[in-house]
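Chemist: Each protein sequence line maps, in turn, to chains C and V. Residue 1 is where the first sequence starts when you use our numbering, and the numbers rise one by one after that. Residue 1001 is where the second sequence starts when you use our numbering, and the numbers rise one by one after that.
Incorrect hints may have been included.
Unchecked claim - DSS-like mimics (lysine-lysine), calculated; alpha carbons at most 30 Å apart, straight line:
1) C:Lys86 x V:Lys1023
2) C:Lys86 x V:Lys1064
3) C:Lys111 x C:Lys96
4) C:Lys86 x V:Lys1002
5) C:Lys86 x C:Lys96
6) V:Lys1064 x V:Lys1023
7) C:Lys14 x V:Lys1064
8) V:Lys1064 x V:Lys1002
9) C:Lys14 x C:Lys111
These are calculated hints, taken from the structure and not from any lab test.
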Amino acid sequence: MKAKPVVTVDPLDKWREQLRRGGLELAILLSVSSIPRYGLEIIRYLQESTDLVVTEGTIYPILGRLTRSGVVEAEWVSDETPHPRKYYRLSQRGRKNLDEMLDHWSSYRSKIDHLVEAAGRI
Amino acid sequence: MKLNEAGEARVRGYLFVLGQSLKSFLPRAVVMDAVQELESHIRERIDEAEAEPDERTALEQVLKEIGMPQRVAQAYSAEITIEEAITTGRVAPTVRAFWNLATTSILGFFPALGLLLGYLLGFGSLLTALMKPVLPNNTGLLVVDGVPRGFGVFSPLPPGAEMWGGYWIMPILIAVGLAVLILTQRFATAFLVWWRARRGKSDKLPGWPV
Chain C
1 MKAKPVVTVD
11 PLDKWREQLR
21 RGGLELAILL
31 SVSSIPRYGL
41 EIIRYLQEST
51 DLVVTEGTIY
61 PILGRLTRSG
71 VVEAEWVSDE
81 TPHPRKYYRL
91 SQRGRKNLDE
101 MLDHWSSYRS
111 KIDHLVEAAG
121 RI
Chain V
1001 MKLNEAGEAR
1011 VRGYLFVLGQ
1021 SLKSFLPRAV
1031 VMDAVQELES
1041 HIRERIDEAE
1051 AEPDERTALE
1061 QVLKEIGMPQ
1071 RVAQAYSAEI
1081 TIEEAITTGR
1091 VAPTVRAFWN
1101 LATTSILGFF
1111 PALGLLLGYL
1121 LGFGSLLTAL
1131 MKPVLPNNTG
1141 LLVVDGVPRG
1151 FGVFSPLPPG
1161 AEMWGGYWIM
1171 PILIAVGLAV
1181 LILTQRFATA
1191 FLVWWRARRG
1201 KSDKLPGWPV
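So here's chain C without its partners, still in its complex pose:
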């Protein structure tokens, strides 16, 4: 009898997904850190500058959560286009959070780079 192939989760895929999830919030905060952006604009910005493809079903709930927690501020603007747009920008608290996240990111990246270098993989 022929054994059925066992379906396994590719650990690399899992790792990529975890990395993507972990980086998404930072990427969103960075995208609204310099200028206010609306949802579709954030999606396009992330897609163009990072190849990070996010769907409507992913980004709006995250933006909603960041707004509710006071990290970003949202404002409806209705005088630019025939339909109103909801713009997001970093709040004072969000700016502080972002600074801390970037410090942590930078330190983490340099540690990993150090390990890569020590392993002779560069």
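Position chain V against the provided structure of chain C, taking the given hints into account.
Modeler: Below, chain V without anything else, positioned relative to chain C:
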């Protein structure tokens, strides 16, 4: 592209279905805000689109790219409820997240059932402990003709039945109840973390950076 009356009706219909689907899982205020925001998103996409080869086809293409309203609502509500459950670790958001999973997928149904049983067992144990001082002769292990038949609060007692267990069962029930609730909550959070990672993969979103 500017929509004619039929196109406007199609968009309104899409938003109506979206709102109805979201209502099942999310509070009213969140639904209203989500629908308003997604309407803005859809209209933005429509504005950018060219009416090629004709307006109807172009509109259908935009809506197809965004996804069926039920699917968008499902992704949206799952993202909100699961995120809230994982980040807060509270019982109410966890129940909402499992309700969402149980009603939208077969794989989510059985863990939701397990969660329900865990909560029932945990709260049941605590409630039984609280009832012991109120109904001391009706709370404990029910034994009928020397055979154990159940554990809890029984009133009135069936003929030939006697209750086993004194006040000493109270601390045991409280400890068991709390342990079951904590383990259930931990299992629930771990499952939601796993589910989110799995769903992220099934969305076929590319990893980052690639």
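Chemist: Now look at each hint and say whether the structure bears it out.
Modeler: Results for each hint:
1. C:Lys86 x V:Lys1023: holds, 21 Å
2. C:Lys86 x V:Lys1064: Status holds; Cα separation ~23 Å.
3. C:Lys111 x C:Lys96: holds, 23 Å
4. C:Lys86 x V:Lys1002: Since the Cα atoms of Lys86 (chain C) and Lys1002 (chain V) sit roughly 21 Å apart, the hinted pair holds (cutoff 30 Å).
5. C:Lys86 x C:Lys96: holds, 23 Å
6. V:Lys1064 x V:Lys1023: Distance of about 22 Å is within 30 Å: holds.
7. C:Lys14 x V:Lys1064: holds, 28 Å
8. V:Lys1064 x V:Lys1002: holds, 18 Å
9. C:Lys14 x C:Lys111: holds, 22 Å
No hint from the list above goes unmet by this structure.
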